[in-house]
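Peer 1: Please model the entire structure based on the sequences and the hints provided.
Respectively, the protein sequence lines represent chains A and B.
Using numbering that gives the first Met the number 0, read the first sequence as starting at 0 and increasing by one per residue.
Using numbering that gives the first Met the number 0, read the second sequence as starting at 0 and increasing by one per residue.
Derived by calculation from the structure, the hints in this document are not laboratory data.
The beta carbon of each residue, even a glycine, is placed where N, CA and C say it ideally should be.
Check the hints yourself; a few may be wrong.
[What the hints assert, rightly or not] Taking CB as the label site, the calculated pair distances span:
| id | chain 1 | residue 1 | chain 2 | residue 2 | range |
| --- | --- | --- | --- | --- | --- |
| 1 | A | K23 | B | W106 | 35 to 43 Å |
| 2 | A | P40 | B | V101 | 53 to 61 Å |
| 3 | A | T341 | B | R139 | 26 to 34 Å |
| 4 | B | L85 | A | P187 | 52 to 60 Å |
| 5 | B | V144 | A | L339 | 26 to 34 Å |
| 6 | B | R63 | A | Y170 | 57 to 65 Å |
| 7 | B | R63 | A | Q257 | 50 to 58 Å |
| 8 | A | K127 | B | W106 | 44 to 52 Å |
| 9 | A | G20 | B | F5 | 24 to 32 Å |
[Unchecked claim] Over the 10 Å line for every Cβ pair with chain B, so calculated as not near, a few chain A residues:
| id | residue |
| --- | --- |
| 10 | F16 |
| 11 | S139 |
| 12 | E180 |
| 13 | L182 |
| 14 | K186 |
| 15 | D253 |
| 16 | V270 |
| 17 | G291 |
| 18 | G334 |
[To be verified] Taking lysine to any residue and the SDA-like style, the derived pairs with C-alpha atoms no more than 25 Å apart in a straight line are:
| id | chain 1 | residue 1 | chain 2 | residue 2 |
| --- | --- | --- | --- | --- |
| 19 | A | K113 | A | E5 |
| 20 | A | K321 | B | V15 |
| 21 | B | K111 | A | K321 |
| 22 | A | K23 | A | S285 |
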Amino acid sequence: MMHHKETLGTMLARCGFGRRGLLKFAIAMTSSLALPPSVAPVMAANLAKAKRRSVIWLSFQECTGCLETLLRSSSPTIDQLIFDFISLDYQESLMAAAGSAAEQTLREAMAANKGEYLLAIDGSIPVKDGGVYSLTGGRSNLSMLEEVAADAKAVLAIGTCAAYGGIPKAYPNPTGAVGVEDLVSNKPIVNIPGCPPVPEVLSGVLVHFISFGRLPELDDRKRPLAYFGTTIHDQCYRRPFYDQGKFAKSFDDDGARQGWCLFELGCKGPVTHNACASLKWNGGTSFPIEAGHGCIGCSEPDFWDAGGFYTSLAGGSATGWKSAGIAAAVGLAGGAAAALSTRIATPLEDAPASPPEKTPPEKTPPDKLP
Amino acid sequence: MTLLAFARGPALQAAVLIMIAGICWRLAGIFLLRRRKRFALPRASVTGRIGGAFTTILTRFVPRRTFWPRIAVSVMLSGVFHIGLLIILLGGAPHIQVIHQVTGLTWPNLPKGLIVIVSGLTLASMIGLLIRRVLNPVLRLLSTVDDYLSWLLVFLPVLSGVLLSGETIGGYGTLLALHILSVELLMIWLPFGKLMHMLLVFAGRGAMGIDFARKGAAT
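Peer 2: This is the structure in structure tokens:
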């Protein structure tokens with residue numbers, strides 16, 4: 000059982016991780032966060048002294064995949080203990096309380112940690128028709144977000160839905176789904192996109208926040224730069240085959256068996272920023288490209304509407320034959336009209352008074368030609 | 000909508016439709032041109048009309064020996080540029096992918112490194128041709144906006160393609176979007192300027208060859 004005033008160092012010691020273990024973890028984490036190695040001892044010291052941080056987690060228009068990926072941990076590493084260490088004061092899928100008791104818990108957590116709690120969101124927020132398409136306890140997601148975000152220290156948008164609207168936002172977006180950053184403008188926001196996101200990225204952000212009291216450096220899309228600074232393509236072990244021009248043409252040809260690049264099979268790795276290729280999944284076992292399937296670009300905005308998953312980036316959604324036929328007909332009609340109007344406007348050349356008599360062609364040898 | 004999604008979606012569709020309409024417009028205009036009446040009788044020809052057409056198409060690839068000293072540089076630069084462009088277009092893996100998507104045809108691609116080298120040579124030859132056009136007083140006098148715009152709209156896709164292959168400036172997505180957009184600009188301009196020679200050059204030579212054959216002239 001964890002005590003509210005217990006520090007992270009005490010808790011880790013209780014779980015069998017000593018000072019050396021914490022230092023090793025801090026070294027790995029500074030590397031993961033692209034911080035200088037000299038920061039590691041400071042991080043370890045700060046982590047040892049850190050106290051529990053209240054986190055309120057709201058699930059909106061989502062599939063619970065993001066939460067599942069964080070819960071399905073393979074072994075109890077310090078990463079996962081970090082999740083244990085945070086005080087997850089409200090999470091509808093995990094908490095025992097329900098109904099008005101749950102609502103009371105939320106209000107109490109907000110009041111007790113006003114201005115200090117982290118707000119984690121998974122799922123997009125429907126705004127069409129006053130946000131009636133997703134309600135909790137009769138309240139719209141939109142209304143809950145406005146209220147809970149107002150007193151938060153920072154907002155973590157977990158998963159592509161929370162970050163950019165994700166699949167609910169895909170055409171025709173019947174609920175008017177949007178991401179957190181479209182609605183919250185006066186709080187620091189960290190986007191951790193992915194469908195689902197890489198769990199280690201969330202632990203990295205939490206460790207940075209717990210250690211230094213501030214969020215890690217973000218890119219122009221509010222993603223942690225250390226994890227989203229490069230593309231899957233940049234880190235991909237199949238990259239040398241791309242540079243050599245060796246591409247698998249189908250999922251079961253010789254090229255695919257030899258691990259050649261999946262670009263022609265629709266891999267979106269070159270335009271997808273995430274840490275899948277370096278951190279991998281399931282305890283560093285593998286990631287989609289290693290399993291033989293191209294990246295579908297799930298951590299990028301509007302990935303669902305960005306063309307087919309199996310359409311190469313080199314191609315695009317070209318026009319159909321019907322449209323092409325109409326364009327050709329319009330062109331032919333326009334060209335014909337222009338040519339005929341020119342004919343009408345231009346006077347005919349004078350013809351000779353009497354054309355010469357028609358006689359058979361003269362059979363002159365080429366060498367006698369003038 | 001991201002720039003790349005725009006380039007691969009609406010912009011591509013618009014460019015294709017404008018190009019198709021423009022090409023049909025030009026072809027309709029050419030076919031409906033008022034032909035000059037021929038009052039002279041056709042003369043005998045060794046090659047025949049079809050032979051004359053093919054002969055002229057081929058012989059025009061070889062410059063006249065008389066002019067060689069004066070045009071050697073531009074012919075060679077032009078050769079490097081055209082052959083380079085053909086290699087890039089038909090040898091680059093992503094380009095084959097596009098052709099495959101449209102026609103269903105495919106063939107083995109060339110290594111990326113080779114395509115980059117050929118692209119570099121193509122760019123260099125294009126710069127050489129531009130310098131010659133600007134420095135040569137006669138060429139400069141003959142040049143119009145069409146010439147410079149056509150040069151630019153061919154240069155940009157090659158340049159953005161080289162940058163894309165190296166991913167040196169900006170991210171892959173941005174460079175890919177710029178490359179596709181530059182190609183789309185080329186597609187839009189193609190029917191309306193001198194770039195239309197891509198489609199008409201052999202037809203034009205062939206028509207001239209037929210005319211020569213009819214007149215019994217050497218091609």
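Peer 1: For every hint, state whether the structure bears it out.
Peer 2: Evaluation of the provided hints:
| no. | hint | result |
| --- | --- | --- |
| 1 | K23(A) to W106(B): 35 to 43 Å | 53 Å, violated |
| 2 | P40(A) to V101(B): 53 to 61 Å | 59 Å, holds |
| 3 | T341(A) to R139(B): 26 to 34 Å | 31 Å, holds |
| 4 | L85(B) to P187(A): 52 to 60 Å | 53 Å, holds |
| 5 | V144(B) to L339(A): 26 to 34 Å | 28 Å, holds |
| 6 | R63(B) to Y170(A): 57 to 65 Å | 60 Å, holds |
| 7 | R63(B) to Q257(A): 50 to 58 Å | 52 Å, holds |
| 8 | K127(A) to W106(B): 44 to 52 Å | 49 Å, holds |
| 9 | G20(A) to F5(B): 24 to 32 Å | 50 Å, violated |
| 10 | F16 | 39 Å, holds |
| 11 | S139 | 27 Å, holds |
| 12 | E180 | 15 Å, holds |
| 13 | L182 | 20 Å, holds |
| 14 | K186 | 25 Å, holds |
| 15 | D253 | 13 Å, holds |
| 16 | V270 | 4 Å, violated |
| 17 | G291 | 19 Å, holds |
| 18 | G334 | 3 Å, violated |
| 19 | K113(A) to E5(A) | 20 Å, holds |
| 20 | K321(A) to V15(B) | 13 Å, holds |
| 21 | K111(B) to K321(A) | 36 Å, violated |
| 22 | K23(A) to S285(A) | 23 Å, holds |
Against the hints set out earlier in the document, violations occur for numbers 1, 9, 16, 18 and 21.
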